[in-house]
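**Student:** One letter stands for each residue in the lines below.
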Amino acid sequence: MSDKRTVRFIISRQDTPDSAPYQEEFELDYRPNMNVISSLMEIRRNPVNAKGEATTPIAWDMNCLEEVCGACSMVINGRPRQSCSALVDQLEQPIRLEPMRTFPVVRDLQVDRSRMFDSLKRVKAWVPIDGTYDLGPGPRMPEKKRQWAYELSKCMTCGVCLEACPNVNSKSDFIGPQSLSQVRLFNAHPTGAMNKGERLETIMGDGGLANCGNSQNCVQSCPKGIPLTTSIAALNRDTSIQAFKNFFGSDQV
Amino acid sequence: MAGKQEFYWRRLHSLLGVIPVGLFLMQHLVVNHFATGGEESFNKAAHFMEQLPFRYFLEIFIIFLPLLFHAIYGLYIAFTAKNNIGQYGYFRNWMFMLQRVSGVITLIFVAWHVWETRIAAAFGADVNFQMMETILSSPFMLWFYLIGVISTTFHFANGLWSFFVSWGITVTPRSQVISTYITIGVFIALSIVGVRAILAFV
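As you go down the protein sequences, you meet chains R and V in turn. Position one of the first sequence corresponds to residue 1 (this note's numbering), numbered consecutively onward. Position one of the second sequence corresponds to residue 1001 (this note's numbering), numbered consecutively onward.
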């Protein structure tokens, strides 16, 4: 019986994007209010594994440390989530850390989330207002709708929904729930709606909306509680109408 | 995302599963149910179906072509998924996995069933009560048919649920919950009709 409490970590490591992953164990002295990031910082301060061997510090991404930037997502005890808000007191030990392998692993727990930013560019997840002259104020958004849209705007591109989705994998080119929900957000904006048809056409392309298989893991996993499956179903309706317009002919905006 | 075929193939896949394949399934199970009224009642109903005008046209365009497309594209969909119920044991994720598993079981069952009945008929066999009685007299085939029919009704009922989502009919979580209950009802009702018909031959 030791009177000193410790915290055990089993961390999946990988030295280069192409090298084989391996596991390394770490044991840290317990301190109150530890979270996964403070633990990783502790290991970085003194990179010695559980066997007492000197090792390299662990690589991971982080930025805001308050669950709004999405950078520090990793798979903690089998579930993808943000490591900044993963409190050690609430986790079963040993705490297993793995990178979100849906994305290319850069090193250790660090992944390359570029594909999500590429998807946002592809669906034009913005309100285009740039031009050579002042376009003046746009149409107003009803306050109630603004509050509703705010929920969708909480997306921090963390990648948890893509990691949880059974249809986002190496065999499929599905863009995933994250960028789809942003299409709904920007199509709901009074100025953004001016490019509604264009965004719908994009997600009707290969790898788009139709790849959703309704497992609904995304909405269960989203750390921001974004109604992702409602967004997808709403877009299913919008694209049904868009396809009808395209085929039978009507205004296509 | 250059191509746009996938969207239309997927929507076609979803539509064909309900219309006409799902409608045909219901009709087929209902006609089978005549077996509960005895041999004569079943033979009369089966004979009536055989005597329908434009039989080959109906078979090809209402059954075989839609079914073939739904099966082949469905296999592609099933094998591009990477199931993860181990980590995410939610109800809908289970349904997602079971939809793919039941699809494959149904395809094996239907392929064998078509071979044993419709293709046999094309080679001169008479499809009647006795034929099914002979097939189902083997305990293995009885279980094969029971599992096959229940897997088919499950695949249809759960597919109906995702049809409503895929076409944007049920958007809100509440409407999706209610359609879950309705499609569970469809599954139970069709399973009873299907199983009663099978047991009538035993």
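I should point out that these hints are in silico values taken from the structure, not numbers from a laboratory. Just to be clear, a hint being listed does not mean it is correct.
[As the list claims (entries may be wrong)] Here are the computed distance ranges between Cβ atoms for each label pair: (1) V:I1169 - R:N33: 28 to 36 Å; (2) R:N33 - V:Q1005: 47 to 55 Å; (3) V:I1135 - R:I10: 23 to 31 Å; (4) R:G78 - V:V1101: 18 to 26 Å; (5) R:D29 - V:K1082: 35 to 43 Å; (6) V:N1083 - R:K124: 26 to 34 Å; (7) V:I1188 - R:T191: 26 to 34 Å; (8) R:A193 - V:F1057: 40 to 48 Å.
[As the list claims (entries may be wrong)] Straight line, CA to CA, 20 Å or less: simulated SDA-like cross-link-like pairs of lysine to any residue: (9) R:K171 - V:I1169; (10) R:K144 - R:A193; (11) V:K1004 - R:P223; (12) V:K1082 - R:R101; (13) V:K1004 - R:F244; (14) R:K171 - V:L1075; (15) R:K245 - V:L1075; (16) R:K171 - V:T1172; (17) R:K154 - R:E67; (18) V:K1004 - R:G205; (19) V:K1004 - R:R101; (20) R:K245 - V:K1004; (21) V:K1004 - R:D118; (22) R:K145 - V:T1172; (23) R:K171 - V:N1043; (24) R:K171 - V:W1115.
Even glycine gets a Cβ: it sits at the ideal position worked out from N, Cα and C.
**Student:** Next, verify each hint and record whether it holds.
**Tutor:** Verification of the supplied hints:
1. V:I1169 - R:N33: 28 to 36 Å: violated, 48 Å
2. R:N33 - V:Q1005: 47 to 55 Å: holds, 54 Å
3. V:I1135 - R:I10: 23 to 31 Å: violated, 54 Å
4. R:G78 - V:V1101: 18 to 26 Å: Cβ of G78 of chain R to Cβ of V1101 of chain V: about 22 Å, so the range 18 to 26 Å holds.
5. R:D29 - V:K1082: 35 to 43 Å: Holds, since D29 of chain R and K1082 of chain V (Cβ atoms, about 39 Å apart) stay within the stated range.
6. V:N1083 - R:K124: 26 to 34 Å: holds, 33 Å
7. V:I1188 - R:T191: 26 to 34 Å: Given about 49 Å between the Cβ atoms, the range is violated.
8. R:A193 - V:F1057: 40 to 48 Å: Taking Cβ atoms as reference, A193 of chain R and F1057 of chain V lie about 46 Å apart, which means the hint holds.
9. R:K171 - V:I1169: violated, 29 Å
10. R:K144 - R:A193: Roughly 17 Å between the alpha carbons, so the hint for K144 of chain R and A193 of chain R holds.
11. V:K1004 - R:P223: violated, 32 Å
12. V:K1082 - R:R101: Between K1082 of chain V and R101 of chain R the Cα gap is close to 13 Å, so the pair holds against 20 Å.
13. V:K1004 - R:F244: holds, 14 Å
14. R:K171 - V:L1075: Distance ~14 Å between K171 of chain R and L1075 of chain V Cα, so the pair holds.
15. R:K245 - V:L1075: violated, 30 Å
16. R:K171 - V:T1172: violated, 30 Å
17. R:K154 - R:E67: Holds: K154 of chain R and E67 of chain R sit about 11 Å apart, inside 20 Å.
18. V:K1004 - R:G205: holds, 4 Å
19. V:K1004 - R:R101: Roughly 28 Å between the alpha carbons, so the hint for K1004 of chain V and R101 of chain R is violated.
20. R:K245 - V:K1004: holds, 15 Å
21. V:K1004 - R:D118: holds, 19 Å
22. R:K145 - V:T1172: Holds. K145 of chain R to T1172 of chain V sits at ~16 Å (cutoff 20 Å).
23. R:K171 - V:N1043: Judged against 20 Å, a Cα distance of about 48 Å means the pair is violated.
24. R:K171 - V:W1115: The hint is violated at about 33 Å.
Checked against the numbered hints above, the structure violates hints 1, 3, 7, 9, 11, 15, 16, 19, 23, 24; every other hint is satisfied.
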